[in-house]
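Chemist: Fit chain B to the given chain A structure using the hints.
Chains as they are written, first to last, in this note's numbering: chain A, 1 to 233; chain B, 1001 to 1193.
Misleading hints may appear alongside valid ones.
As the list claims (entries may be wrong) - Think about it this way: if two alpha-carbon atoms lie no more than 25 Å apart in a straight line, the pair counts; the simulated PhoX-like pairs of lysine-lysine are:
no., chain 1, residue 1, chain 2, residue 2
1, B, 1065, B, 1147
2, A, 161, B, 1182
3, A, 84, B, 1169
4, B, 1103, B, 1065
5, B, 1169, A, 159
Read the hints as simulated data drawn from the structure, not as lab findings.
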Amino acid sequence: MARWSMVIDLDRCTGCQACVVACQVENNVPPAGADQAAAGRTISWMRLAPFQNGEHGTRPDLKLVPIPCMHCDHPPCIKVCPVKATQIGEEGLVAQVYPRCIGCRYCTTACPYTVRQFNWRRPEWPQPMERGLSPDVSVRPRGVVEKCSFCHHRLQRAKDKVSAENRPLREGDYVPACVESCPAEAMVFGDLDDPRSNVTRLSQSPRAFRLLEELGTEPKVIYLSKGEWGGEV
Amino acid sequence: MNARDEQKSAVPEAGPTHKWHHPGRWGAVIIGFLAFTVISATAAVTLQDRIFRRPVEQPIKFNHKLHVEDNQLGCSTCHEYYEKETFSGLPDPDVCAFCHSEKQGDSEEEARLVKMIADGEALEWKSLFRQPPHVFYSHRRHVLVAKLECKTCHGDIASTTAPPTRVTKLRMQDCIDCHHQKNVSTDCTTCHR
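With the rest of the complex left out, here is chain A (with noise of 0.2 Å):
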């Protein structure tokens, strides 16, 4: 069984924001309109955070570090849901279910990554934009929460063509849309039970680590850098 793990090395990553925007258009994620931006309410399941690199009183080097679902092994979002909306899944994929979804926000509290986003409006396009919408991601309805799937919908169809052509799942198979758009190839995904991945070789770098690993969560993004680091900005 598929352990999916993405892989972000932030020594190479220019903080471009490829993948943010590749993520929005994937995902059918709507466009904020300036007055929920002003109030805090954008939706983004990817996005950067600023972080500073380096020891206090040197010459400061901000980092944006590109900050998705990080699919925890371990993760708080599931136990709070009162409702069994959002679950772990046999690949370790953290799902979301939006039809069962209630809206109460435990989830989003409980993240200690904040990736978890609430709707607070019926999502809307501007008018020619609505064509466009993706028919393998469904649109989120007002009053749910949602985050990052590490395009699972990816998964769905890489599972239902390699079913048709009698083979198993290759690396390269399944692939997210952020990772896919990476002009800087900062960004590896794949299999982390599969010890021969990309993924697998990279997360034993000594560069690698992952994101509040102290809490226990056993997040599956996985970050490279050679760098010390301070806090977030």
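Modeler: Structure of chain B alone, referenced to chain A:
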């Protein structure tokens, strides 16, 4: 006896509670009304499709039995994609034109079809068998890979003589029951998106 006990004993015994044992006329009216509400709400929920939705009309009253059973056409003549894609597809007029560019019999419905084909009109079939957009379903996975028969899920559509008029869908329980039986994944992410 302290002040609080004194206060308590000043309250008359049995108070208004005895009224509950005798609902009286108003009570009966309220209970009747509640019963009426519950019954009509249940009826509305179970029959909502029949009460609130009009039957859907297709551009042509297509007859599956006549084509499939009497004329031995395979399903893939008209539903081309179930072995290649997630969907099955509904037929273009060219498919019908193969036989109906000229009249085959003397039914009025067929005459109408022949005229539509001659005028180059599109046949806009309404798909009535569908899942909500948050569900991923694949025909090739179930038909080509799992080798299931159409009638397992679509029932006896092949021997119907007129198109269905209402939306039909598989309930989640139908999908899950079979997945359990055949040992297929029932993770939420398997089907939901």
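Chemist: Give a verdict on every hint.
Modeler: Each hint tested on the structure:
| no. | hint | in the structure |
| --- | --- | --- |
| 1 | B/1065 x B/1147 | holds, 23 Å |
| 2 | A/161 x B/1182 | holds, 20 Å |
| 3 | A/84 x B/1169 | holds, 24 Å |
| 4 | B/1103 x B/1065 | holds, 19 Å |
| 5 | B/1169 x A/159 | holds, 23 Å |
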